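Trainee: Below, each chain spelled out in residue letters.
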Amino acid sequence: MSTAAEPARPDLVRPELVCPAGTPAALKSAVEAGADCVYVGFRDETNARNFPGLNFSRKELDEGIAFAHAHGAKVLVAINTFPRAGQPELWHRAVDDAAAMGADALILADIGLVDYAARRHPQARLHLSVQAAASNPEAIRFYAERFGVQRVVLPRVLTVQEIAALNAKIRPVETEVFVFGGLCVMAEGRCALSSYATGQSPNVNGVCSPAAHVRYVEQAGGITSQLGGFTINRFGPGEPAGYPTLCKGRFVADGKASYLFEEPTSLNTLGMLPDLIRAGVTAFKIEGRQRGRAYVAAVVQAFRAGVDAVLAGRPVPDLDLDRITEGGRQTTGAYEKAWR
Amino acid sequence: MNASTLPVSPSFLTLGPVLFNWRPEALRDFYFRIADEADLDSVCVGEVVCSKRTPFFAPYLPEVIERLAAAGKEVVLSSLALIMSERELDQARDLAQGEGWLVEANDVSVAAMLAGKPFAVGPLVNVYNEGTLAYLQSLGAIRVCLPAELSAPVIGTIAKAAAAEIEVQAFGRLPLAISARCYAARARNLAKDGCQYVCADDPDGMPVDTLDDEPFLAVNGTQTMSYHYMDLLAELGMLRGLGVRRFRLWPQQADMVAVARLFRGVLAGTLEPEAAAAELAALCPGVEFANGYIHGREGHALVEADD
Numbered sequence: 001m002s003t004a005a006e007p008a009r010p011d012l013v014r015p016e017l018v019c020p021a022g023t024p025a026a027l028k029s030a031v032e033a034g035a036d037c038v039y040v041g042f043r044d045e046t047n048a049r050n051f052p053g054l055n056f057s058r059k060e061l062d063e064g065i066a067f068a069h070a071h072g073a074k075v076l077v078a079i080n081t082f083p084r085a086g087q088p089e090l091w092h093r094a095v096d097d098a099a100a101m102g103a104d105a106l107i108l109a110d111i112g113l114v115d116y117a118a119r120r121h122p123q124a125r126l127h128l129s130v131q132a133a134a135s136n137p138e139a140i141r142f143y144a145e146r147f148g149v150q151r152v153v154l155p156r157v158l159t160v161q162e163i164a165a166l167n168a169k170i171r172p173v174e175t176e177v178f179v180f181g182g183l184c185v186m187a188e189g190r191c192a193l194s195s196y197a198t199g200q201s202p203n204v205n206g207v208c209s210p211a212a213h214v215r216y217v218e219q220a221g222g223i224t225s226q227l228g229g230f231t232i233n234r235f236g237p238g239e240p241a242g243y244p245t246l247c248k249g250r251f252v253a254d255g256k257a258s259y260l261f262e263e264p265t266s267l268n269t270l271g272m273l274p275d276l277i278r279a280g281v282t283a284f285k286i287e288g289r290q291r292g293r294a295y296v297a298a299v300v301q302a303f304r305a306g307v308d309a310v311l312a313g314r315p316v317p318d319l320d321l322d323r324i325t326e327g328g329r330q331t332t333g334a335y336e337k338a339w340r
Numbered sequence: 001m002n003a004s005t006l007p008v009s010p011s012f013l014t015l016g017p018v019l020f021n022w023r024p025e026a027l028r029d030f031y032f033r034i035a036d037e038a039d040l041d042s043v044c045v046g047e048v049v050c051s052k053r054t055p056f057f058a059p060y061l062p063e064v065i066e067r068l069a070a071a072g073k074e075v076v077l078s079s080l081a082l083i084m085s086e087r088e089l090d091q092a093r094d095l096a097q098g099e100g101w102l103v104e105a106n107d108v109s110v111a112a113m114l115a116g117k118p119f120a121v122g123p124l125v126n127v128y129n130e131g132t133l134a135y136l137q138s139l140g141a142i143r144v145c146l147p148a149e150l151s152a153p154v155i156g157t158i159a160k161a162a163a164a165e166i167e168v169q170a171f172g173r174l175p176l177a178i179s180a181r182c183y184a185a186r187a188r189n190l191a192k193d194g195c196q197y198v199c200a201d202d203p204d205g206m207p208v209d210t211l212d213d214e215p216f217l218a219v220n221g222t223q224t225m226s227y228h229y230m231d232l233l234a235e236l237g238m239l240r241g242l243g244v245r246r247f248r249l250w251p252q253q254a255d256m257v258a259v260a261r262l263f264r265g266v267l268a269g270t271l272e273p274e275a276a277a278a279e280l281a282a283l284c285p286g287v288e289f290a291n292g293y294i295h296g297r298e299g300h301a302l303v304e305a306d307d
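Which chain is which? The protein sequence lines are A and B, in order.
Here the first sequence is numbered in our numbering, starting from 1 and rising by one per residue.
Here the second sequence is numbered in our numbering, starting from 1 and rising by one per residue.
Derived from the structure by calculation, the hints contain no laboratory data.
Note that this is a predicted model, so its numbers are computed, not measured.
Among the hints, a few may not be true.
To be verified - A few chain A positions that, by computed beta-carbon distances, are all more than 10 Å from chain B: (1) Asp96; (2) Ala139; (3) Gly199; (4) Arg234; (5) Gly271; (6) Asp275; (7) Leu276; (8) Ala312; (9) Pro315; (10) Arg329.
To be verified - To be clear about the criterion: a stretch of chain B counts as covered by chain A if any three or more of its residues have a C-beta under 8 Å from a C-beta of chain A, and this derived list gives those stretches: (11) 140-149; (12) 210-218; (13) 251-263.
Unchecked claim - DSSO-like mimics (lysine-lysine), calculated; alpha carbons at most 27 Å apart, straight line: (14) A:Lys337 / B:Lys117; (15) A:Lys169 / B:Lys160; (16) A:Lys28 / A:Lys74; (17) A:Lys169 / A:Lys256; (18) B:Lys160 / B:Lys117; (19) B:Lys117 / A:Lys169.
Don't be surprised by glycine CBs; every beta carbon is placed ideally from N, CA and C.
One chain only, chain A, in its complex shape (with noise of 0.2 Å):
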């Protein structure tokens, strides 16, 4: 956990690290390298990463979440894909489960999921998964004022100023952002691309881009990479190819090739953490629940240091976290205007 010294900033809130958490192990590394908070899911399609190996079951999220409690840490329960019309049983499950274990928060997306939570276990603490996107204080107001939501997971939107702006509007709702990881470029939840080329998406399936659906091609000129048949990228020989996430890929739009939606990057606001402790942001959430407990570790540490800093009064260390980003490439992404 932090050892930072007393804070040269007391009029700034210490904001906290929600981290991932794909497996157990991953768990004990989130909390150890000092995370206060991890996310997780079930191992079924009620959670948006909804992938082979990973997530918890029952027994599972039991013990991460006596080992979390035990070290100071709480443990959010993602349940945060859109039930399937007629059979809401697995979602409602998943719901009463992580509130009789003990969850310290539900992080949920559709309405009705929250309605069922908010009449049947009032007492559980409610947060509002970005998959709902949330991206106005009129939105974040009826999620809180009609279900009791006490946070909201920032849609990647807004910028910076923005968010300033809709959390004096808010309070006391609390707003939770991403500051480092996988990147959407589309407002979340609200993007069928992947099942346009698949079959599978975030909202039903809890996948984008699925594994399943990938191909890699070999030709002459080097690797293509391939979604649901459909070419997301073409690499020359030597060149690494990049897992094809459909809204990373190159396409052909007005006569020529580009990254028409976004380069293969990945989130990176280390640089930008004053300015968005100042913004009065409550957490800070890293993406990566597929990630192993070395990334997550090493991803949590440069965090853990660079928001003790900010809160000390002193500059954020520069942390090299190249290694780990995908493609060696960064964005501050929608924090900024001019990404739009």
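Based on these hints, arrange chain B on the given structure of chain A.
Mentor: Only chain B this time, still in chain A's reference frame:
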């Protein structure tokens, strides 16, 4: 599908809002012709994609609404889909506080503003199941156009549980994603702030091909759409049987009066779906059609009718 087996409950046709940035005079003339000639029950107007476009059509909106209403069309006012600024919220509040017209919420914030009076829910609000539907109905939703990626069995389950009228997108490019970033501007190396309204250059969307020149998507400013046009002429009967009461046609650069006539003909049983599909293809030269989502497949797939 034999036309005589269609159920007899009435079906309705909605013309969705024009999602593209058409020149204001062209848009006005389009709606005038729709008012005068198209066999449609409801017509949605209003900017859904980008608030920067709104001022250009605003001067024409009152006469368009008046002409549509005078022609017996139900006028529906569609809201923006991605609301981020106070200015955009104010626009939505004006819409929500207006009297006399049904408003279609395309963002949860707008549904919240409309709570307590009858309103419509557009396909860009996530209604994936009966739980969310029930909650929105409790707020006043009387009509819900479902998201694109739902399959027929899911639609049927929702329709069975619905008190509200269930609407399905049946023709045109499907809206697949919305972003803060403008890809029409980005494709031309412009920032959104200085976009020069280049999205107007592509009144049917900017085609997005793969590096192998395969048509894939279409860009409409901040919105990403399917390259393929949805065509559910062959599925209308099946969807009616599942309880779908209303079908949405998205305006494209095609003769929408003629497109509406084909869908009306199939719904009325006066036109066979196969014949209508052939006519539709003739009305949309070069267009590729899809119906994959309805069949539980990838959205771009075209599943042939099996009878």
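Trainee: Confirm or reject each hint.
Mentor: Results of checking the hints against the structure:
1. Asp96: holds, 14 Å
2. Ala139: violated, 4 Å
3. Gly199: violated, 4 Å
4. Arg234: violated, 5 Å
5. Gly271: holds, 20 Å
6. Asp275: Check passes; 18 Å lies beyond 10 Å.
7. Leu276: holds, 17 Å
8. Ala312: holds, 33 Å
9. Pro315: Holds, since 29 Å exceeds 10 Å.
10. Arg329: holds, 16 Å
11. 140-149: Satisfied; 3 residues make the cut.
12. 210-218: holds (count 7)
13. 251-263: violated (count 0)
14. A:Lys337 / B:Lys117: violated, 37 Å
15. A:Lys169 / B:Lys160: Distance ~40 Å between A:Lys169 and B:Lys160 Cα, so the pair is violated.
16. A:Lys28 / A:Lys74: holds, 12 Å
17. A:Lys169 / A:Lys256: violated, 43 Å
18. B:Lys160 / B:Lys117: Cα-Cα ~23 Å, so holds.
19. B:Lys117 / A:Lys169: holds, 26 Å
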